[in-house]
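Listed below are the residues making up each chain.
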Amino acid sequence: MLAVAALAAGLSGFSSSAFAQAKEQFFPLLAYRTGPYAPNGTPWANGKQDYLKMINARDGGINGVKITFEECETGYATDRGVECYERLKTRPGVTIFDPQATGITFALTEKVPTDKIPLITLGYGLSVAQDGMAFKWNFPLMGSYWTGADILIQHLGKKEGGLDKLKGKKITLVYHDSPFGKEPIPLLQERARMHGFDLQLLPVTAPGVDQKATWLQVRQSRPDYVLLWGWGVMNSTALKEAQATGYPRDKMYGVWWAGAEPDVKDVGDGAKGYNALALNTSGQDPKVIQDILKHVHAKGQGSGPKDEVGQVLYTRGAIISMLSVEAVRRAQERFGKGKVMTGEQVRWGMENLVLDQKRLDALGFTGVMQPLSTSCADHMGSFSARVQTWNGSKWSFSSDFIQADEQILKPMIKAGADKYLADKKMTRRTGTDCQS
Amino acid sequence: MFYRENGQFKTSYRADQQILPISQDRLAMAIILVIAFAVVPMLASDYFFRAILIPFVIMALAALGVNILVGYCGQISLGSGAFMAVGAYGAYNFFVRIPGLPLIPALILGGLCATVFGILFGLPSLRVKGLYLAVATLAAQFFADWMFLRIKWFTLDAPSGSVSVASLQVFGLPIDSAVSKYLFCLSVLAVLALLAKNLVRSAIGREWMAIRDMDVAAAVIGIRPMYAKLTAFAVSSFIVGVAGALWAFVYLSSWEPAAFSVETSFRLLFMVIIGGLGSILGAFFGAAFIVVLPIFLNQFLPLVLGLVGIEISTAGISHAELMIFGALIVWFLIVEPHGLAKLWATAKQKLRLWPFPH
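Those sequence lines, one after another, are chains A and B.
Per the numbering used here, the very first residue in the first sequence carries number 100; after that it's consecutive.
Per the numbering used here, the very first residue in the second sequence carries number 78; after that it's consecutive.
Keep in mind that a hint or two might mislead.
[Unchecked claim] Below, simulated DMTMM-like cross-link-like pairs (lysine to aspartate or glutamate); rule was C-alpha separation at most 25 angstroms, straight line:
id : chain 1 : residue 1 : chain 2 : residue 2
1  : A       : K518      : B       : D253
2  : A       : K165      : A       : E425
3  : B       : K229      : A       : D309
4  : A       : K523      : B       : D234
5  : A       : K524      : B       : D234
6  : A       : K523      : B       : D253
7  : A       : K513      : A       : E209
8  : A       : K509      : A       : D297
9  : A       : K393      : A       : D158
Because the hints were derived from the structure by calculation, they are not lab data.
This structure is a prediction, so every number in the text was calculated from the model and none was measured.
Assemble the whole structure, with the sequences as input and the hints as a guide.
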């Protein structure tokens, strides 16, 4: 029976590649709608999918090239993520992978250069991958954990009346004990060295439901600020624990993955005053969200409940799909309009994105995100974010856009990328490689 | 009738004691080996290799190791994931810290690290047994999780705690294509499976089984429980450690401690129980069941439901996969508590008597 099962699994692998059809750009969608991270993974996946459906319904695809997509459930597990990647990467017209998990990103980073498929990791993944000269296939667009941590420290400095006022203050990082949570540490240590604040590191074991010991330490050390690097159930748990500990929520600052509706909804009033970074706005006002409601949800083809459309993570999913679609569009401008782009061509498009305010307005993303343009050397495009505060029922912005300090990031990224290249016995890309 | 041994006479003890005494078995094994080593590499697709065959082969190796400890020696262990992790990180440290160290010695050294770790955490087995031991070995799991997350030395101070290896090669041949990875893992599996099979047939294997069946009686007839239990822990963790190193190096190539979480330990234990306790073949069945079946269900369900015109969501498939998988485990264990290997043995027995059962 097992042999039959194995054979059939193989056959379905073969037969699915037989669906080969011209003129279709295939978007593999890795997602997790089950498991401990499902509350956050689901709106994200819905947003990604709905935007693609909307492009098909409203524009008839990208310059006439129809979009197809298939979801694959990873459950946030690295091995299932790798399986999904292997399953979907051979499809004709495969565009881009968004692994939706830092662990899967690490594993796929080793694989995409040989398969020649770009990897988009919007707001997560490897911070050093901003260096496009070292990481040809990785695109941590709109921000990495280093820029996030930098923005938070700058914001705290501003609140205190100058970064030098941070001297002697105690800042605690409560983090998910995984590559995701550990990424910001080098930058925070660098900043701590520069400004002389005391950095306390408190790990929380994944998935983060047990934080009693961590918050006991918070209670003992009474830090001036708590930075929260959590994802999924860990965030709401942290807020509840803070409430139980009596730690003021308005002194807690989450990364942008700790600043969405599922994180605070269950805590309600207990989360009042809690701050988090925001990469994008939320709400149903932007034109793109209206378009999704009109062209997808009104026809009963929405991927999730209608009232969740436009939430923070939903909008972020839509942004990821928009950037992927725009990369295809950009590639078509160079390699031929109305054609299906290969992974290599999409990579070029990703590397030459120009999304100025005018373009964003045309796309319906007015005010949703900052303009962004990428280049060979810079795979991030923009690195600013705002701070938002939860008032008990909705998020509202409590700061202007803050830009991460390039003076600090650049040498760290260069050093990290060089170390990566040395470990892998690879060399930097040359200027001519940028043209390809 | 096709599976009859009359007419096959053994004239020496040697012939009587070979691994596969029946000529049909020898033929079948030869065919399987030829298929695995020669036919499959020609036919299978890249996806089939990377997503199904390689994980299956590596997990079969790990299950083999666990089976020696749990199935043959009766020492229930929930720390197998930890032994895999120690193997992986051990091999990684040797591989990266000693420039020019070839892959195979690195794997063996990783296995030896796991051996030491296994013996250390096997010590409680001298005092406690059964469920109590299972809980004691769970400590190994938590200790390894803690160690590789916290002690930066093991990850070469990688800021994110995630490590990776590149440019693997064996005897100058690069291990980067799907076929070469598969053949390499399969070779390791074949060699270690043969060694394991011979070990369990030898004096030490009989000691393990005696301990498993009744340790007091075994001690009375002169078997040293300490020696038997600790060797079982050593051999088992060596094999599991090598499997862990392969999982990290060949399958994931970049990994974090979560890749060897407590869930891995559970999965390995399920593989052994479902495959068949105390059976080398069972490790293969168990690994196939646990590794391949969920992936198969995940792809097969939407296909079947699509035929009858039902569209199912990704989350729906995932939930259905878990439910069917769980139901199958329960059903199998009710129908055949001794695992899939026992089913196979029963089938063989029936074939011998066919078509005139008595």
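Now the hints, each set against the structure:
no.: 1; hint: A:K518 - B:D253; in the structure: holds, 22 angstroms
no.: 2; hint: A:K165 - A:E425; in the structure: holds, 14 angstroms
no.: 3; hint: B:K229 - A:D309; in the structure: holds, 23 angstroms
no.: 4; hint: A:K523 - B:D234; in the structure: holds, 16 angstroms
no.: 5; hint: A:K524 - B:D234; in the structure: holds, 19 angstroms
no.: 6; hint: A:K523 - B:D253; in the structure: holds, 14 angstroms
no.: 7; hint: A:K513 - A:E209; in the structure: holds, 19 angstroms
no.: 8; hint: A:K509 - A:D297; in the structure: holds, 23 angstroms
no.: 9; hint: A:K393 - A:D158; in the structure: holds, 13 angstroms
When held up to the earlier numbered hints, the structure conflicts with none and fits them all.
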